[in-house]
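*Asks:* Below, each chain spelled out in residue letters.
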Amino acid sequence: DAKTTQPPSMDCAEGRAANLPCNHSTISGNEYVYWYRQIHSQGPQYIIHGLKNNETNEMASLIITEDRKSSTLILPHATLRDTAVYYCIVRVSFPNNYGQNFVFGPGTRLSVLP
Amino acid sequence: SQTIHQWPATLVQPVGSPLSLECTVEGTSNPNLYWYRQAAGRGLQLLFYSVGIGQISSEVPQNLSASRPQDRQFILSSKKLLLSDSGFYLCAWSVLGFGQGTYGYTFGSGTRLTVV
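Keeping their order, the protein sequence lines are chains U and C. For the first sequence, counting from 1, position 83 maps to 83 in our numbering; every step adds exactly one. For the second sequence, counting from 1, position 10 maps to 10 in our numbering; every step adds exactly one.
These are computed hints drawn from the structure, not numbers from a lab. C-beta atoms are modelled at their ideal positions from N, C-alpha and C, and glycine is treated no differently. Careful, some of the hints might be misleading.
Stated by the list, open to error - Cβ-to-Cβ under 8 angstroms is the rule here; a few derived chain C residues that face chain U:
no., residue
1, Trp7
2, Pro8
3, Ala39
4, Ala40
5, Val60
6, Leu90
7, Gly104
8, Tyr105
9, Ser109
To be verified - One-sided and incomplete, this derived list gives chain U residues near chain C with beta-carbon spacing under 8 angstroms:
no., residue
10, Cys12
11, Gly15
12, Gln42
13, Gly43
14, Pro44
15, Tyr46
16, Gly50
17, Thr56
18, Ala60
19, Phe102
20, Phe104
Unchecked claim - What follows is a set of in silico ranges between Cβ atoms, one per label pair, in the way DEER data are often shown:
no., chain 1, residue 1, chain 2, residue 2, range
21, C, Val15, U, Asp67, 36 to 42 angstroms
22, U, Ile63, C, Pro18, 47 to 53 angstroms
23, C, Gly43, U, Leu80, 20 to 26 angstroms
Next up, chain U with everything else stripped away, as it sits in the complex (with noise of 0.2 angstroms):
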C-alpha cells in the first residue's frame, strides 16, 4: 500500500473550515484514499473515502488531485468535537485486498478552537 504523509498537527477556529491536506505521491491506479479520525480514547472512527471523484457526505468533503498524488478533507464548519487525530490511509479496496491491511501513520492532530 502507498505511503501517505500528513502534517502532524492543525489549529482550526471554531465554526471555520477545516482543511487537512494528505500526500499520497506512490499511490496506484487502483488505490482509494480512506480518512478516519481518531478522539481521545475512542476507536477510529470511518469519514470518507474515494478513488479520483470529490466525494461529500454527511461528515465531510474530500477533494482528490487530478494526479490523485494528494487529497484534501473539509470539515466544512468545524466543532469543538471535531477535534481529533485525523488519519489519511491509501489502500485497494476489497475485494482484490484480500489479507491485506490499513496501516495508521501518526496522522494529524487537529484541534479546534473556540
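Following the hints, position chain C against chain U.
*Replies:* What follows is chain C alone, placed relative to chain U:
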C-alpha cells in the same frame, strides 16, 4: 445493523499475569477481524488479523497471541503480561464487499490495559 462489542473497557493487571480480551461482532457473517494496539501518544499498530475461523496472521512478534474460535469472535491472549504490553487495544472488523463506509473498517470502543 452490524455492531462490534469489546470488553472490558479498562483493565489493570500485574506483570506476569495472564490476559484475555474478547471481541464479538453481530449482524454480519464471515467478517475479517483485527486486533490493533496503540501505545500512549502513538499511532495504531496492527497485531493480528483473521480472515476465518482458526486462521490467524501475526504482524509483529510479541508476547501476545490471538484465536478465533467462532466466526464472529476474536480473542487476544497472553500467558504472562509484560510492562510493555500496556496500551489501548482495539478490535475491528470488515467484510468482503460491504461494510461501514463500503470496504472500510469498524472499530470497537477499545480496552485500556495497564500492566503494573
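*Asks:* Does each hint fit the structure? Answer for all of them.
*Replies:* Tested hints:
1. For the restraint placing Trp7 (chain C) at the interface with chain U, the shortest Cβ-Cβ distance is roughly 13 angstroms, beyond the 8 angstroms limit, so the hint is violated.
2. Because the beta carbon of Pro8 (chain C) sits about 14 angstroms from the nearest beta carbon in chain U, more than 8 angstroms, this interface hint is broken.
3. For Ala39 (chain C), the interface hint is violated, since its Cβ never comes within 8 angstroms of a Cβ in chain U; the closest pair sits about 12 angstroms apart.
4. Interface restraint check: Ala40 (chain C) against chain U, minimum CB-CB distance 11 angstroms, threshold 8 angstroms, status violated.
5. A hinted interface residue such as Val60 (chain C) counts as satisfied when its beta carbon comes closer than 8 angstroms to some beta carbon of chain U; here the least separation is about 12 angstroms, so the hint is violated.
6. Interface restraint check for Leu90 (chain C): the shortest CB-CB distance to chain U comes to about 5 angstroms, inside 8 angstroms, so the restraint holds.
7. Because the closest C-beta pair between Gly104 (chain C) and chain U is about 5 angstroms apart, less than 8 angstroms, the hint holds.
8. The interface hint given for Tyr105 (chain C) holds, since its Cβ lies 6 angstroms from the closest Cβ of chain U, which is under the 8 angstroms cut-off.
9. Hint status for Ser109 (chain C) relative to chain U: holds, with the closest Cβ pair at about 6 angstroms, below 8 angstroms.
10. Taking 8 angstroms as the C-beta contact cut-off toward chain C, the hint placing Cys12 (chain U) at the interface is violated, the least distance being around 21 angstroms.
11. Contact between Gly15 (chain U) and chain C, as hinted, is not supported at the beta carbon level, the nearest pair being about 26 angstroms apart and thus beyond 8 angstroms.
12. The beta carbon of Gln42 (chain U) is positioned within 8 angstroms of a beta carbon in chain C (closest approach about 7 angstroms), and the interface hint is therefore held.
13. Restraint check, Gly43 (chain U) versus chain C: the minimum CB separation of about 3 angstroms is within 8 angstroms; hint holds.
14. For Pro44 (chain U), the suggested interface contact is upheld, since its CB lies about 5 angstroms from the closest CB of chain C, less than 8 angstroms.
15. The interface hint given for Tyr46 (chain U) holds, since its Cβ lies 4 angstroms from the closest Cβ of chain C, which is under the 8 angstroms cut-off.
16. Annotation: interface hint on Gly50 (chain U) violated; nearest CB of chain C at approximately 11 angstroms, more than 8 angstroms.
17. Residue-level restraint check for Thr56 (chain U) is violated (minimum Cβ-Cβ distance to chain C is 14 angstroms; threshold 8 angstroms).
18. The criterion of a C-beta within 8 angstroms of any C-beta in chain C is not met by Ala60 (chain U), whose closest approach is roughly 12 angstroms, and the hint is violated.
19. Because the closest C-beta pair between Phe102 (chain U) and chain C is about 6 angstroms apart, less than 8 angstroms, the hint holds.
20. Evaluation of the Phe104 (chain U) hint against chain C yields a held restraint, the C-beta minimum of about 4 angstroms falling below 8 angstroms.
21. At about 52 angstroms, the beta-carbon gap between Val15 (chain C) and Asp67 (chain U) misses the expected band of 36 to 42 angstroms.
22. At roughly 49 angstroms, the beta-carbon separation of Ile63 (chain U) and Pro18 (chain C) lies within the given 47 to 53 angstroms, and the hint holds.
23. At about 24 angstroms, the CB distance of Gly43 (chain C) to Leu80 (chain U) agrees with the hint of 20 to 26 angstroms.
Hint compliance for this structure: hints 1, 2, 3, 4, 5, 10, 11, 16, 17, 18 and 21 are not met, and every other hint is.
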